[in-house]
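Here the protein sequences come in this chain order: G and B. Mapping of the first sequence onto the numbering used here: residues 26 to 571, in sequence order. Mapping of the second sequence onto the numbering used here: residues 26 to 571, in sequence order.
Honestly, the hints are just simulated from the structure, not real lab data. Do not rely on the hints blindly, as some may be mistaken.
Claimed, not checked - Here are the simulated DSSO-like pairs of lysine-lysine, each with C-alpha atoms no more than 30 Å apart in a straight line: (1) G:K227 x B:K112; (2) B:K542 x G:K542; (3) B:K96 x B:K256; (4) B:K136 x B:K162; (5) B:K195 x G:K542; (6) G:K568 x B:K542; (7) G:K316 x G:K264; (8) G:K45 x B:K568; (9) B:K568 x B:K480; (10) G:K85 x B:K534; (11) B:K218 x B:K480.
The residues making up each chain are set out below.
2 protein chains.
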Amino acid sequence: MKIALAQLNYHIGNFEQNTKKIVKAITDAKEQGAELIVFAELAIGGYPAKDLLRNTAFLKACYASVDEIAKYCEGIACIIGAPVPNKDAEGKPLFNAALLLADGEVKQVVKKSLLPDYDVFDEYRYFEPNPSSNCIKFKDLTIALTVCEDLWDDDGPNSYVGDLMQDLAKEHPDLIINIAASPFSYTHFENRKNVLSRNVIKGNAPLIYVNQVGAHTDIIFDGRSLALNRKGELVSEMKSFEEDLQFVELKGIDLHSEQAHQSVEHQEIALIHDAIILGLRDYFQKSGFQKAVLGLSGGLDSALVAALACEALGAENVLSVLMPSIYSSDHSLKDALDLVENTGCQKLILPIKDIAAAFEATLAPAFEGRNPDTTEENIQARTRGTLLMALSNKFGNILLNTSNKSEAAVGYGTLYGDMAGSLSVIGDVYKTQAYQLAKYINRDREIIPLNTIVKPPSAELRPGQKDSDSLPEYDILDSILYQLIEKEKPYTEVIALGFDEATVLRVNKLLNNAEFKRFQAPPILRVSPKAFGPGRAMPLVAKFSF
Amino acid sequence: MKIALAQLNYHIGNFEQNTKKIVKAITDAKEQGAELIVFAELAIGGYPAKDLLRNTAFLKACYASVDEIAKYCEGIACIIGAPVPNKDAEGKPLFNAALLLADGEVKQVVKKSLLPDYDVFDEYRYFEPNPSSNCIKFKDLTIALTVCEDLWDDDGPNSYVGDLMQDLAKEHPDLIINIAASPFSYTHFENRKNVLSRNVIKGNAPLIYVNQVGAHTDIIFDGRSLALNRKGELVSEMKSFEEDLQFVELKGIDLHSEQAHQSVEHQEIALIHDAIILGLRDYFQKSGFQKAVLGLSGGLDSALVAALACEALGAENVLSVLMPSIYSSDHSLKDALDLVENTGCQKLILPIKDIAAAFEATLAPAFEGRNPDTTEENIQARTRGTLLMALSNKFGNILLNTSNKSEAAVGYGTLYGDMAGSLSVIGDVYKTQAYQLAKYINRDREIIPLNTIVKPPSAELRPGQKDSDSLPEYDILDSILYQLIEKEKPYTEVIALGFDEATVLRVNKLLNNAEFKRFQAPPILRVSPKAFGPGRAMPLVAKFSF
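Using the sequences plus the hints, can you model the full thing?
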């Protein structure tokens, strides 16, 4: 039996476009002789649709969309993810389901059993879990049809009561199918392969895994759908960060691919790069915007964001704004101009001296007798933020935020100043990773000026300022932050790893004290297993000593 | 048996202070002859502790705190809420539990069965639900001990599978105890009374309900703990928005209060007022801040916030900043100054003309040939935001945001401008409610100048501007918004209620288009059943037509 795997990029709530895409894939697959086509989890409606799942008009559109798609399922069957109503009197009003469509109608419904509720996931908010599940029959096949997390019953903090795959295995399935909406992080693919292999062994059957591709604000789906044979070996790996339609053959008792599987090696930093490009592109495309604006300081972070934006949106759609102050060094302006030349983006130079002077003059009576401090530095940052937003308002360019994760972690940024923007492009990229990313971008030719990469980082908000004056060196800072954030370790355990106690205490305090700033930060393209934003929910008013 | 109800204000993560408070209540209750004292849900650790519940050091501190408190439970028993570890190999690592402490140790543990996951609640993120529960024995009593949501098994979208109270009723309890952390909204008390009465009937036993009091950033607990007799009548109602310790007597088969129950009538607007005062006070106290700053325009919203802040923090701690522009009317300045005089708060006048001119001069080459539009209005708003933040940075005053819910809904506000601030004070109060609140504040004497209340609302960002130029009248706007937000109705159903179709379409579009702005708004003191913020999660990049 020939089976098509349809890895598509959906747009939440855009039923017309999504349905058109899905129908086209069904038609193509049928033409190519497939008997079954598999789409991703919640392909209907898009994921994460969040509280739109509480909107009855949205749900009606989902149901209508299913009916429409079913009409095209003649001579080919389709497995697709959709919300379905809970018709019992009790429990949440919806199930997260996999539907089998055939002969023009919904033939079978399998409801998701294991609902993730951690990090960016909040499925209990909307869905009732399925207390028990069975294999479905399709033609002469017994299929263990599962939805994403159904296969992720790990040990540890995200384990679930019961053992779904063990139960399904009792029915001796011929095939396991998992439809997924499994977001990218740079560690996730290896986990995913391992989890799928374990399920192949447990279920004693080959496995087809179809993931979503595409970005929804902060959440990026990498696609990279897979087929595994009975040994748990990859027979097919689909494209990363792109739509794809591929076919596998279920022959005898195992899955085979038309082409021999080519193992693709992906460098971690290349994955992060590709994820950000997709994140940027989809943010603009799905919002209906074309042009971006950002502040270009001559430093690493803004150069990186400018280069990424030029690649994602086209250099002609990127406006880089140089806003030198009296503290800006000559090389900053030159480095920024070099970047403009290397990328071919638009540029504008707006010196902030006069505006900063006007702020200081207006505030002089109120500040009489007080020494300059970070207040004046913040005024510069907010002046720049206001100029960038003015350009955004006047010309419709979307402001990109250029803060990195290390800065966001320790609060080394000005709210409403350099923390402004509609989307944070590298807010989930530590400074040490930002250097790697810059080198990766320069792999073929110098795009990010070498001087931007080698000079010591500085916010240039006062004479001779360097990041290392007020922060530990970035390799140490990032290592400590990684333990506190990604590993969720209390500071005592981080000290026990051998880091300097005073430094850990200071970094932990900075991290906790900046919670209120991050609350107002733009959405951040998530590329790590633990990004700031909804996936890391911390109380703001609390006594932190952990 | 004399039973104490301890309604306390906890501080998340502040174990030392919380434990001291709890121990004092135990000691006081014991001295007054109580045999049992009941505290709220998650009194240990505080609620909502969010992802601190994933921090092992935080959890250890919770467990140590329980052991410490248990030592004081000699000659008196205590029921208290705490997270407890899930010792099974499967499921989430914690339960949300009610502990019975007696004879210096933990005697019994009852785990919460029904975990709320809607609006601001996300308990599945942290806790495993208890699949079945039993009554506990204390002395010769059978007690149906429950945790908050355990009694909220409604019909409708928040119903749960099974019927916990019906199961517990089979054991013929002598008493139902519910420990709660049930946030305030202006509609919640009536619901709560009804739910508790229904459970009294269902469980055929009197009921003691102990709620938390106090605010945690956006979430405000109103306290107002209750005791109900077997008929479902109130025998005791504790203070609203204040700590309280009261006693009830379980005599024969029913509960009695020492004093006859005085039914307290609370006007809705008075409740909102008191909730905001507590929200403000706790935000400052629990963060360790004393002083506030805000922009005072002469309009209703900022006057209201100034008056509320003066009441909550003391007028001497409130700095009102008047920032007139060339478009400000004379009466605005006068109205603002009247408010300053009426409240006795600090004031500062910082005209923004020169700064706005410096911005426009700097931008002139870039804006050549373009007409003035909202860009220039936003520059004024952001100039004010920057001035306020400069004062905040220099003097340590916390910036209060003065936007109301109607504005936040339709995006009638400038990001990083009038949307700036650490806390939104009236962001869950519609404009029409803001007028009521102003009148309530003026109930004894004129605090908010009459002219501020009667003049037509205007942002004064261009000559002669009025809110009604670009928005429907507020009574219509707010009625439509209420249906879309609180009632979560799709726009088609709102039109069906009889509102003008074009107006509903426009308002719905404005509401959806402002999602990205609200994402970066400060936390909002929640007083309604559906506030903007984490309780209303919407995708940003989506096609909205619902």
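Evaluated hints:
Only pairs whose Cα atoms come within 30 Å are accepted, and G:K227 paired with B:K112 is accepted, the gap being roughly 25 Å. Straight-line distance between C-alpha atoms of B:K542 and G:K542 comes to about 15 Å, which keeps the hinted pair within the 30 Å bound. Using a Cα cut-off of 30 Å, the hinted pair B:K96 and B:K256 is violated, with the two alpha carbons roughly 37 Å apart. Distance restraint check for B:K136 and B:K162: the Cα-Cα separation of roughly 15 Å lies within the 30 Å cut-off, and the hinted pair is therefore satisfied.
A threshold of 30 Å between alpha carbons decides the hint, and for B:K195 with G:K542 the separation of about 51 Å lies outside it, so the pair is violated. Note on G:K568 and B:K542: the hinted pairing holds, with a Cα-Cα distance of about 29 Å set against a maximum of 30 Å. Distance restraint check for G:K316 and G:K264: the Cα-Cα separation of roughly 27 Å lies within the 30 Å cut-off, and the hinted pair is therefore satisfied. Restraint check for G:K45 and B:K568: the C-alpha separation of about 15 Å stays at or below 30 Å, so the hint holds.
For the hint pairing B:K568 with B:K480, the CA-to-CA distance comes to about 38 Å; that exceeds 30 Å, so the pair is violated. With a CA separation close to 19 Å, the supplied pair G:K85 and B:K534 stays within the 30 Å bound. Restraint check for B:K218 and B:K480: the C-alpha separation of about 40 Å exceeds 30 Å, so the hint is violated.
Violated hints, in rising order: 3, 5, 9, 11; the structure is consistent with all others.
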